[in-house]
Every structure is written in C-alpha cells, then in structure tokens.
Amino acid sequence: MANDTREAAHPIPRFPADFLWGVSTSAHQIEGAVDGREPSVWDVFTAEPGRVKDGSTAAVACDHVRRHGEDVALLAGLGVNAYRFSVSWPRVNAPGGLDFYDRLVDELLAAGVRPVPTLFHWDLPADLDWLERATASRFAEYASVVVDRLGDRVTKWITLNEPAEHTLLGHALGTHAPGKQLLFDALPAAHHQLLGHGLAVQALRAAGAADIGIANSHGPTWPASQEPADLEAAAFYDLLLNRLFAEPLLLGEYPEGIGELMPGDVAADLKIIGEPLDWYGVNYYAPTRVGAPQGTESEFGGITMPAELPFSVREIEGVPVTDFGWPVVPEGLTELLTTFKDRYGDRLPPVVITENGCSYEGLDDQARIAYLDGHLRALHRALEAGVDVRGYFVWSLLDNFEWAEGYARRFGLVHVDFATQARTPKASYAWLRDVLQAQG
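Just so you know, the sequence shown maps onto residues 1 to 440 in the numbering used here.
Keep in mind the hints are simulated off the structure, nothing from the lab. In this text, a Cβ means the ideal position worked out from N, Cα and C, and glycines have one as well. Incorrect hints may have been included.
Claimed, not checked - Straight-line Cα separation of at most 27 Å, DSS-like style, residue types lysine-lysine; simulated pairs:
hint, residue 1, residue 2
1, K341, K271
2, K180, K53
3, K156, K271
4, K180, K341
To be verified - Here are the computed distance ranges between Cβ atoms for each label pair:
hint, residue 1, residue 2, range
5, R205, Q421, 32 to 42 Å
6, R103, Q421, 43 to 53 Å
7, S225, T420, 43 to 53 Å
Please put together the full structure from these sequences, using the hints given.
In structure tokens:
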C-alpha cells in the first residue's frame, strides 16, 4: 500500500531511460481569460444556479492564459520532460485564439518540456452537441486547424479526454455540462465522440502527425460478492465504463449488444473509430466495487447514481480515501494494466498513464506523496509483468476549478491562492522533483 513507510523508504524503481514523465491540466480548469474565447457548454452550465457546489465558475480559475510564464517555469523546476494540456475549442474559434497556444508551445520547448496537447477536454463550444452526428465532423475540422498551426512543433497528440465520464456525467446523469439526464439514451454521445476521435486521427495523420493517442479513463471493476446478481451487475458496469470505450478503438467493434443501440451506420463508423493508435492513454484513479441494484441511490466520488440503474456502487472497505472520498488502491493500477494486456493482447498499443492523482488539502501534503509513491511502484510492477508502459502524467500541476465541485478540491502539486493567484509548490512537488532527478 502507498502508506507503507517501509516501502516508501526505498527509492522508486528505475523506469526506462526514454520514459515520458509529465503533469496534466485542462484548459477550462486553469485558463481563465473568458474574454478571449467563445462560450462553452461549461460556461452555460456554471451560470445556472445550483450546478456547482460552491457557486463558482472558471471565469478566472488559475489565470493561466496571463500567467503561463510562471507555470512553464514551475514545469521546468519540477524536471518533467512533458506537459499534457488541453486546447480550448471555444478559444480556437475566437479571433487570434490559437496565438496563445503558439506562445505556450514555444515557451515549453524553450524550457525543454515536450508539449502534449489534448484536443477535447469537455469544454465543447456552446452551440454544439455530441448527441448530434455533425459534431464529430466539426471536431475533425477543428483538429485540422490546430495541427496546421502547431504541427511543426507538436509531435505527440491526444484526441479526447475521458469520453466515458463526459457521456455518463454530462449526458446520462446531468451532474456535469451540458447537464442532460438521459440515462441510456445518452449512448449516441458516446458513439459520436468515438467517431469524432477517429475522424480527428485521420485529420492529424493527413497533416503528418505520427504519434497519436487518446486519454480514456479506466479502472478495475470489483464485484461486491460472488453471488450471480453481483457478478452480473459488475460485468455490466465494466462493459459501460471500460469495454464500451476501449474495444471500438482497440478491436474495431462494440461489445456484444451495444452496437445495435448506437445511431447511424455503425459498421462503417467502426472502421473510422478503429483507426490505428500509436499509443493508448489511461487515466487511472481507483477501482469500483459494484453490486446488484439495491432499490436506492448509491454514491461514488461525490456522484449520485440513480436507483433505476442496473447496478449499485458499493464502498471499498479497509483502504484510505482522499479528501474527495475516492479509495486509494495503487494495486488497482497494476491489475488494470495486466488485465488489459491479457484481454487485448497485441491489439493493445504501448500505454501511457495520462492522468493519476488525488485531492488533498495542505502544503505539507504527505498523503499525496504516499499516493504517488504507491502508484509509481504499482506502475513499475505492471511494467515488470510485461505491459509496454511508456509514460506517466500526474494530475495535476495546479490546484484548479474542479468542475461541479468548484474550488473545493485540490489536486495540484502547486497550491494556488485563488484570491491572489500566488503559486506555492507543495511538499509533493519537491518530492516528485527529487524522484525525477534520481531517475536521471
């Protein structure tokens, strides 16, 4: 476990010399400067009373657009060799919106940090809707605009971030933007995001890009018991959150029974969705313990699951939890990656952990250090087990706007005083800097 001080007393095992070490952020959560972009679905969502727990918005957030020089300096001081950020589609739609990313990319390269942009991290332009097929084509057009401007310097690309969560939270449960509560009628949003991914891969390749991945969220699904009803519920949850978003990309097909629920010519779309990837990004936070429905709402990570779902989320007992209430289970990362290796074999390309992190208060964040220590060791065990792991990105560089939680959750290696915008590196920042120095 990550809190085992006997293990933590030993250095982190050595990773390959060409391993990608980075941190991640997203545009809407840190950029601010809303006057320089068009509105997104999140601007509309946060303007509605009661949508965000503290009533806040991302109008200023970390003021990154104006203070990105400070943040690039923090990246350089940390010693990472890569920075995963997202490009704001609404900003690109505004006059001169790509100028900011031009400057950011140049400054990152000057600091010796590889830029790794994500083209979509939930901040859809307010006039678009993933329930509409046309949005997939619009996304490919946008990808072409970005790669034409930045592709001479950016060599590693991510299309989408967490289409599973954007579908579940934004379209099925309504707890994230755009706030739709469609339950299983949200499935077209999943299909159109995956189609948009495939079309964007084609657009990126047409522009000469040769290092393209996606950032999908995954975690092991643990049945609440070995009773048939719990096993069936857990298998269905695993299908919805893991297989539905991995298998069209890796196998070129939906899990059995899912394809007929999707709109359009699914067989033709799957040929586009299954465009070969150079690597596969995994965002890992925790396993999920799942059982049969109990006739009542269930709670997971601050999200309420309706009683009418064919499963219920249960507590994982006997493990630490973050300030967000998420279970801390580093060995789940090893389990997830070895399961994917066994499940998909040579159809699984090299893997990059595109997000892994935790929410804790305080500058002396020893719990975050324990968390990262445990997960890096778990990742190394997956590598030793034969999983081709090429990189690891911590979520996140900065405390930021945490979606429907507002500013109540702090995931950053760097503390942000949102009243003054002062940045203060936490103990975990220094710890990771020392780990990276030791890696050489």
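### Query
If you check each hint against the structure, which ones fail?
Violated: hints 4 and 6.
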